[in-house]
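Student: Letter by letter, the chains look like this.
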Amino acid sequence: MIRFPHALAVLLAMVGPVGLTVSFEAFAETSTEANATSSIQSQEARAFLVRYCQDCHADGEREGGFDLESLSMDITDEATFARWTRVLDRVQLGEMPPPDADTIAPDELRSFVTQVQPVLANHHQSAKGTTLRRLNRNEYQNTLNDLFGTNLDLRSTLPEEGRSHEFENIGDALGMSMVHLQKYLDAADATIDAAISPWESKPPQQTITASYAQTREGERFIGELWKKLGDDAVVFFQNFGYPTGMLRETSVSIPGRYRIRITGYAYQSDEPITFRVGGTSFVRGSDKPTYGYAQLPPGDPTQVDVTVVEMTADIAERMMLTIDPWGLYPVDYNIRTEGVDGYTGPGLAIRKVELIGPIIEEFPSRGQRLLWDEFDVTALPKRRSNSDTQYQVTADDPLAAMTRTLLRLGRLALRRPVTPAELKPYLELFERERLSKLKQIDAPEKSADVDLQSAIKTSVTALLCSPDFLYLVEPPGKLSDHALAARLSYFLTRSSPDQWLRESANAGLLTDDPGTLLSQTQRLLRDHRAERFINDFTDAWLNLREIDFTSPDQKLFPEFDKYLRDSMIRETRQYVSRMIDENLPVSMLVDSDFAMLNERLARHYGIDGVEGPEIRPVALPPGHIRGGLLTQASVLKVSANGTNTSPVVRGVYVMERILGQRPQPPPPGIPGVEPDIRGASTLRQLLDQHRDMDSCRSCHRQIDPPGFALECFNPIGGYRDRFRSLGVGESVRDEINGRRVRYKLGPAVDASGELADGRQFDDFQAFRELLLANPDVLARAMLTKLATFATGREMGFSDRETLDQLVIKTRGGGMTDLIEAVVLSDLFQFK
Amino acid sequence: MLIPSRPLSRRSWLRGSGAAAIALPCLDAMGTSLGQQVLAADQVATPPRKLVAINSGLGFHAPHLFPDQPGTLSPSTPYLKQIRNHLDRVTLLSGLSHPEQQGNNGHASSMTFLTSAQRPGLAGFRNTISLDQQIAGQVGYQTRFPCLVLSTRGGDSLSWTAGGVPIPGESSPAKLYKAMFIDGKPDEVDREIEGLRRGRSILDVVAERASQLERQLGARDRHKLGEYFASIRDLEIRLHQSEDWVRRPKPHVDVSEPRDITDKQQAIERQRLMYDVMALALQTDSTRVITFHIGGLNAVPQIKGVQSDWHGLSHHGKDPDKIAELRLIEEAEFAAFGDFLGKLRSIKEADGTLLDQTMVMFGSNLGNASAHD
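So the protein lines, in turn, are chains A and B. Add 278 to a position in the first sequence, counting from 1, and you land on the number used in the working numbering. Add 2 to a position in the second sequence, counting from 1, and you land on the number used in the working numbering.
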């Protein structure tokens, strides 16, 4: 068993003098595969640990969940490597040993660092590189839709992706299973079917014109809850929940992109009225998408020219439009009991709704041209008038036609040049399928007439299930032009390279000429597909994908509505988008003199003078608490649950996502602190007890302060100076949306705190100033997030130096400079 | 309140300092099940054992479940009252947990309920095979469905492959019923077989390509590509088995096809409908392994007296009103679970009942949802 005497000797050196119990686990691990680069072998390093750490972390003591006995010397295991990194970091940062223990002599510290650091760096350097990265389900969907010109929801048919911390495009964490493969087979089929249908002629655009006056719902509710005016416009005076503003006549039979035109006005109102336009369906399990928010100005039935608002939306099959007014609450009047005729308050009058589409920009679709251009396609006579047209696909020389098809498709789908030789298996598959079909019809003389559709489809499906398509294949070392093109394209457009990027790669310019790489980066950032980057990146980095993870308690937060929820997501996305467009400095991550607002957000934040549903940059009044990501409702909501906020959860959020530091999870066996919203004590007070325990303090003095600063924001991102409570507290005489509020006001908020380094703050603004004092930290965090997302791997120990250099290089620059710096760095250009 | 720690090695895969209730099969039952008579009588001589594992993602309010003292169970707590008729068959375990479950969010531990992998969702996390898949790998070939992976919400599931990939859960009882009990028309069967054959020929081609690619890759990438090879192998076996099953007639049951409940607020009714189909699946030996993930709901379930969002109630913050509402929901869940046990018990199999042949595990990955613990 003891094949490496030196490993044993080392272990004894650690164990001997202090008499630590040798755990079987540590012994076994150390005695197996230790080698020069992946094992900490310095006796001095061990003596150092024994001297400074054993009091609290050995002999049965395991403060903070850390004990030396189980710390293996062999760092090849990922968890062990992470623990050693942590040991080094905490000692180097002076966090350990704690203030009340021995102080380390500087030369001892230096010696410890020089013994451990290179081993960690070497090991990481040797093992780093993006692991063969499967397209995640967003990337997969984008790629197929872009390739074939389809607009299919493939994402929801695929299994949820594994995540590494916040990101779900990390090669290591993206698994593959039989389930995936089965779904890929189905998805490829579905995409091909959608791409080739319809083939013969472009489906005509239709215009559906509808009005509420002529619906079944109209017959039922006009005169009771809805009011019909002289011009046949129908007025909604409030959002009843039921009836909804569903418009049966707008049911869509061909899914696709549509233009929606709504004609109407704000009735009995001096102010414009905002409304939501969404979809609803009788199809089981369908969701209720929001297509947009719009506003109609005041008007009346006698007006001939009334306002038309327009928007476009992708509408699924059998969806019907629904229009719901926002912000209308009859005061001192009950429409249900008192009837609609006596009511003189404002209402949303809709004269007519038009739905025009489907809008087809490209016909025949990219997919049809790709798949069928080399073949002869004829429409077969219809058997029944209402059945879909069937086609026959043939070719004089089927093999030659399929070879050309595969060559064209192959270089697009595989994101690199392809050779006929490597496509041969797919061609052979085509031929086998064709011959088997031929056998079925048992008439060799008709071979030229055999329909080739299924053979083409099978062959193409195989290509789309091949590892070359499903994975981003990157050989070790510096990336080739095509690998680099793919990386850049998946980073910024979340899909495969477009024509211009492919041309640069073909010419070898991406690896050869940094100017080309830079200009391609700038071009893609301006491409409309960059919206996908903003969405996917903010979903992961800021966890916006969990915006609906909890729904706010309606009694505690009656002001929360769908309009606010939809607006807050758009606020943050457009904020990040603007930071890139305008190349704004990283300090803007935590503080800005503007905010991206519409009327709903402005009301939520207490800012006057913002009208309408459009989100736009608005200058903030001097001294206003808003500004920066941490004051945005989306961020404050996803870092809370539906009833309360936890300084720990928010503290971790800020540390990980804004400061780029990863606090350790609590040690096993430590119960979480259970929130108490009965109003007697705040979570902060409960935490104080917890934090006073020695084993908790060292981590919580770092984690909690940012969370304390955010105490002045409630779970939906509203400002608060007192907690709301459903138990003890002061009653509130207030109305929200026409209803008396039912929450009470509990204890006062304390947003003060002290950072781990001793700097104190009285409130959120003071905390924000402290964050701003060190922009390098913000830049480093941002660069790390971007590099992680761009490369599909976690940044590790040996990347620290590169990231530090990038921080220096981009000082004084803005968000776009950061993105460009990442792309031009070795982090991005090497596997 | 906690059972003092004693060796629990056989059962220590249960997670949750909270709840886990198991109905253990009676070990001496003999004879051939109805299922085998209908289906694959030639394959197995002894009655098959079955596993059902159910996880309630939002957990249960522990004081309403666990009695103060260990010992023989009696209907002494609100939730035990709901399953009072079956307490003679239930072992209740408290204080169980997997180690190191602080993941990337408060609910991450639902991924590891049946796997016990550590640090869910954090860097380097790789889930491991779930208990049910381990079992399905051994016995799955004997039934039309090697396993059923079910969930109240599409996608979510408790089941993970050996490569650490989630198997998406099926949430439609109607679809399950159709797949298990309604025979396809002859041309549908032909098309299905053609599809399976075609799938296999595609797999042959991409497997060949993957072998070529493998030679160009470094060690880590090769390891990753190993997952791809494993997926191909698994799917090939599965397609092959499916071909065997496609032509066999499906069992016929006296229960008519269920209609899915699309209103997610009818949460308990949806659970009940799923339980009914699960019982049918076990009764007909269509599968022997079932997992069922009961996800929480970010909405108000339709239960008399409940006015608040369920997930919100689970974060009750010790508010007595919220706990009272939560109790109504969780009592309804336990009542539905009790009826499921009752159903299994009412079905004769061999010399005993279906429940005798079935190990049912009912628990949660959260011990205290209000603290995300």
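Hints listed in this document are in silico derivations from the structure and should not be mistaken for laboratory results. Since we're looking at a predicted model, the values are computed, not measured. Be aware that a few hints might be false.
[Said to hold, decoys possible] Subject to a maximum C-alpha distance of 30 Å in a straight line, what follows is the list of computed DSBU-like cross-link-like pairs (lysine-lysine): (1) Lys566/A <-> Lys306/B; (2) Lys187/B <-> Lys717/A; (3) Lys252/B <-> Lys461/A; (4) Lys187/B <-> Lys833/A; (5) Lys306/B <-> Lys266/B.
[What the hints assert, rightly or not] Chain B stretches covered by chain A per the calculated footprint, using a threshold of three residues with CB under 8 Å from any CB of chain A: (6) 63-73; (7) 250-257.
C-beta atoms are modelled at their ideal positions from N, C-alpha and C, and glycine is treated no differently.
Student: Decide if the proposed pair is consistent with the structure: Lys306/B and Lys266/B, CA atoms, cutoff 30 Å inclusive.
Tutor: Answer holds: Lys306/B to Lys266/B is near 16 Å, not above 30 Å.
Student: Decide if the proposed pair is consistent with the structure: Lys187/B and Lys833/A, CA atoms, cutoff 30 Å inclusive.
Tutor: It is violated: about 54 Å lies between the C-alpha atoms, which goes past 30 Å.
Student: If you count the residues of the stretch 63-73 of chain B with a beta-carbon closer than 8 Å to a beta-carbon of chain A, do you get 3 or more?
Tutor: violated (count 0)
Student: Assess, step by step, whether the Cα of Lys252/B is no farther than 30 Å from the Cα of Lys461/A, and give holds or violated.
Tutor: holds (25 Å)
Student: Would you say the stretch 250-257 of chain B counts as covered by chain A, given the rule of at least 3 residues with C-beta under 8 Å?
Tutor: violated (count 0)
Student: Next pair to validate is Lys187/B with Lys717/A; report whether the Cα-Cα distance is within 30 Å.
Tutor: Holds, at roughly 24 Å.
Student: With the threshold set at 30 Å, check whether the alpha-carbon distance from Lys566/A to Lys306/B stays at or below it.
Tutor: holds (26 Å)
Going through the hint list in order, the structure does not satisfy hints 4, 6, 7.
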